[in-house]
Amino acid sequence: MTQTPARLNHGGLIDRNKPLNFTFNGQAYTGFEGDTLASALIANGVSLTARSFRYHRPRGIFSAGFEESQALVCIGEGQHKEPNVRATLQLLYEGLHATSQNTVPSLKWDMGSLTGWFSRFLPVGFYYKTFMWPHWKWYEGFIRRMASVAPATSGHDPDFYNKQHAHCELLIIGAGPTGLAAALAAAQSGLRVILADDQPEFGGSLLWDQARIDEKKGTEWVNQITSKLAKLENVTLLQRTMVVAAWDHGYFTAVQKHRIGEHGKISQTLWKIRSAQTILASGAIERPLIFPDNDRPGIMLAGAVRQYINRYAASPGQRAVIYTNNDSAYLCALDLHARGTTVAAIVDVRQDSQGELTRRVRELGIIVHSGHEITGTHGYFRIRQVEIRPVGSSGNSGSRYIRIQCDLLCTSGGWNPSLHLLSQAGGKLEYNEKLACFVPREQQAFLASTIQATGSANGCFDLNTCLAQGHQLGRSAVEELTGKNVSADKAPIAEGSVLTRDIKPHWQTPPPYKGRQWVDYLHDITTQSIKTAALEGFISVEHLKRYTTIGMAADQGKISSVNALAILGQSTERQITEVGTTTFRPPFHPVTLGALAGRETGSRAWVRRFLPLHDWHIETGGVMEDHSGWQRAAYYPQDNETEASAIRREVLSARHGVTLFDSSSLGKLEVRGPDASRFLNRMYINNVETLKTGRVRYGMMLNENGVIIDDGVFARLEDDFFLVSASSAGTAEIAIAFEEWLQTEWPELDVLIHNATTQWATLTVGGPKSRDVITALLPDVDLSAESFPHMSALEGEIENLPRNIPWRLMRVSFTGEVSFELSVPANYALAAWEQLLQAGKPFNITPLGMEALDVLRTEKGFLEVGVDTDISTSPLDVGWAVPIAKKKADFIGKRSLARPNDKREDRLQLVGLKPSNMKQFIPVGSHIITREGLKPEGHVTSSCISPALGHSIAMAMLESGQARQGEMIVIDVDKQHFDAEVVPLGFYDPKGQRINA
Amino acid sequence: MMQIDCPWCGPRNQDEFRCGGQAHIHRPEQPEDVSDQAWAEYQFSRINPCGLHLERWQHLFGCAQWFHMARDTFTHEIRAIYQIDEDSPGGLE
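Protein chains in written order, with my numbering: chain A, 1 to 997; chain B, 1 to 93.
Honestly, the hints are just simulated from the structure, not real lab data. Some hints here could point you the wrong way.
Unchecked claim - Pairwise CB distance ranges (calculated): (1) A:E748 to B:P89: 20 to 30 Å; (2) A:E799 to B:P89: 53 to 63 Å; (3) B:E41 to A:A605: 38 to 48 Å.
As the list claims (entries may be wrong) - Incomplete in silico selection of chain A near chain B, CB under 7 Å: (4) H249; (5) N703; (6) E704; (7) T744; (8) E745; (9) F862; (10) K886; (11) D890; (12) R899.
All of these numbers come straight from a predicted model, not from anything done at the bench. Where is the CB? At the ideal position from N, CA and C, for every residue including glycine.
Make the full structure from the sequences, and use the hints.
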């Protein structure tokens with residue numbers, strides 16, 4: 001155990017009674033509960049944490065929060081190793097193992113830093129200009145390895161993620177002083193209030209800025225308010241909850257973290273919040289000043305340094321220099337001095353050295369260099385010296401300079417109100433010259449009108465005013481929501497502020513100093529990159545972002561964006577207002593995919609539908625596959641037989657014996673009413689009105705563009721009652737289409753649609769022996785060929801199964817053999833199925849799978865929509881021109897079939913194919929090519945080696961197919977060519993004698 | 001994720017609904033009398049404005065009823081919701 005040389009003896013919000021052991025890059029350290037990994041590293045004197053993305057420059061710890069763009073590390077090991085974790089957000093726990101990423105072989109001696117030597121040849125956008133000859137792929141692997149940060153976690157995520165919906169009248173984002181004041185004012189109203197903050201404790205800046213409110217310590221005031229709020233039932237307090245996205249109509253998503261360390265439990269909750277009003281008290285993010293060689297470890301944001309000292313009792317250095325353009329960094333000097341760090345100097349770019357603040361620091365012996373800027377720094381693994389010159393001595397690098405030794409440089413270039421969420425919601429920002437930052441525009445359009453920014457998020461940097469603003473906004477939100485006046489307590493009062501002087505923008509140190517001035521620390525973008533991009537014509541801020549990749553790293557530009565666009569403005573002689581900002585998009589902070597998936601993983605990752613007889617199929621050994629969302633048996637292997645052998649056995653049973661097939665997923669749309677027939681006549685290409693009661697007809701439905709969207713049979717059970725048996729895959733779409741036409745176009749039609757698909761199980765008994773089997777179940781029904789021919793329908797009741805249950809029976813066949821589709825209510829499926837199995841025993845009844853069915857229907861040349869047809873296929877293409885010509889009445893899609901393109905003769909048309917090599921199986925999808933030019937002219941859509949015929953057959957879409965009967969065409973199978981003859985569809989029993997038996 | 005006030009079910013999240021595109025487009029009475037050009041316009045020509053848009057919506061994962069919505073396509077403000085057999089109420093701009 002090493003000492004913690006930089007831990008302050010007292011103060012801070014850490015718990016010194018709970019020490020924690022952790023490692024970083026294999027080295028053991030200790031910290032305390034309440035530390036982050038960053039604060040613990042600082043307390044242990046560690047300043048080097050990472051290497052930058054492009055040039056592998058040494059990186060340290062830059063901030064204390066989510067804006068961190070330097071200290072990105074890996075946490076954990078093996079399959080739980082999580083990359084790109086911000087050390088500033090990682091709560092310390094016992095046994096934490098952290099490692100640097102993107103370093104070979106080690107953090108200190110990283111080979112990647114050699115790219116720094118070549119940086120001259122790797123300017124912005126270099127990959128558009130270099131590494132191209134002879135072929136860019138030569139360099140891709142190497143560049144990808146260099147340009148990666150850390151490999152993604154490879155193992156299965158052991159944690160669980162929840163989702164939570166919530167509604168509230170008021171959502172308050174941020175529980176710093178402003179948010180707490182607002183919550184306090186609003187909570188008494190009884191309205192539902194949600195208060196969310198990304199930190200483990202509420203308080204925001206009060207956790208470190210040594211404020212006093214209502215005559216107590218800031219942290220004490222926070223505890224008091226939090227306890228008060230916790231007692232109220234209408235208030236939901238969410239710690240460790242970052243609101244990451246603002247959507248429409250007051251909808252927000254937030255990520256709440258639960259886990260600290262231990263895996264296998266609930267790690268995060270994704271909150272989906274609908275809020276009537278929202279207060280954005282999200283604070284402001286400090287931005288650094290930019291100067292030559294400004295990216296060395298030991299250079300930190302001044303506010304962050306205050307946080308490490310006051311909140312974590314960790315001292316980031318022993319001898320500090322402050323570099324600033326505003327008053328807030330002076331408080332950093334005061335805090336450092338109070339805790340024993342030598343403050344060697346304050347370098348202030350402003351000439352004005354008057355005021356209370358300057359007096360105070362000088363009293364403590366701190367030197368203030370007013371009107372000076374940093375023109376260089378030194379120190380590779382850690383800063384050790386800065387060089388300063390008077391502002392305005394530009395052009396003269398031989399001018400007088402001062403060198404100051406230090407191991408810590410605290411910089412502040414101002415504060416950027418955190419308005420990403422307002423912007424995501426459509427809110428507009430404007431640049432405020434006096435504050436040198438972006439603030440919300442006065443009037444917001446509809447979208448953002450229910451979101452109000454307040455406190456430092458609204459450009460207010462005085463604590464007292466923030467408290468008053470938050471309080472006022474809490475009150476007015478309640479008044480707006482309830483319409484009543486609110487008598488709340490007075491606003492909390494803070495001790496007066498000594499920050500009085502204006503900020504002075506100082507976006508960069510003017511040339512000609514040697515060191516590069518870094519704007520984006522993660523992607524290594526310099527002021528020079530921005531200037532080069534502008535020179536090359538990328539002057540739009542959106543182009544700048546994409547061309548330089550500035551702001552596109554893991555920190556999403558939280559620290560770099562305003563500096564970047566200010567420098568772009570300087571490079572193109574435009575005001576910041578003219579340059580504008582890029583569009584803010586969700587999420588505000590990276591969200592782990594697990595949180596978005598929630599519990600919809602594994603078997604719940606997609607919707608699966610199960611047939612009523614699913615258990616029976618499994619128990620009988622059925623190999624289940626997904627068919628348009630339904631789990632169906634592909635085949636039922638017996639006694640170790642192969643797949644091919646099982647399919648063949650089932651096919652032969654279907655042709656010579658009797659099979660049992662579960663058709664329960666077939667659509668059953670009940671269409672009832674006086675206008676049922678007229679309505680269906682408009683939906684089908686067939687004549688519906690001529691169908692007699694008790695009869696069934698095969699039909700096709702088109703969309704308005706003339707494309708086949710479904711086929712199936714429809715039965716007329718009564719004069720005004722039709723049963724539409726849409727396909728398993730298309731039923732939902734057809735049901736929706738029916739409703740749409742009836743509700744939006746033909747409300748005058750008297751029709752009701754009921755989708756009864758899942759209420760009935762359909763058991764198909766098929767084969768030459770099928771009549772014997774079905775008759776055993778329905779002994780009193782005349783099912784002879786004369787009384788019940790092919791395409792007939794009947795209804796009735798079965799007795800004692802165990803009670804009387806209704807049934808429907810149709811003679812429909814997709815196999816080409818005699819076939820009976822028996823439908824019973826779904827919960828009687830097993831009872832009916834078992835009776836059929838029993839009745840079929842003497843005939844060796846065989847369960848039929850989807851694969852065998854596919855072979856049987858291919859032998860018959862029966863098309864399958866979506867397999868033999870696609871989204872361009874019309875009924876004319878599959879041989880239905882004659883029936884369509886016979887139908888005079890209009891139907892959906894009919895008009896489109898009269899268009900010139902629909903009538904062309906060279907369209908892809910469905911044909912049968914008989915390969916010359918009888919044993920050659922032709923894979924589905926194979927291209928048909930012209931003999932000469934090897935140009936494709938079609939493709940194979942269905943194919944099998946037919947057991948009934950003993951040779952290979954196929955169905956295909958072929959240009960001008962209908963006119964090319966008898967022609968020999970060429971099929972390409974993996975560059976091998978096979979001849980085939982174009983033949984009529986319907987290879988097996990083309991006259992349909994068996995199907996009509 | 002808009003919140004839509006279904007006329008029958010009340011305010012529900014957008015993902016329960018299906019958008020049916022531009023409203024008040026009616027199928028020609030006699031399609032056989034319509035030119036190819038006019039037929040294509042009926043099928044495909046839509047206004048796609050930035051601003052006020054009259055649309056058809058269906059509460060698919062709810063009551064499955066269709067209704068009309070006047071929505072601002074830029075701000076997503078829902079200006080009006082009216083029945084499927086009604087014309088848009090005036091004064092929406």
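Would you list, in rising numerical order, the hints stated earlier that this structure does not obey? 5, 9, 10
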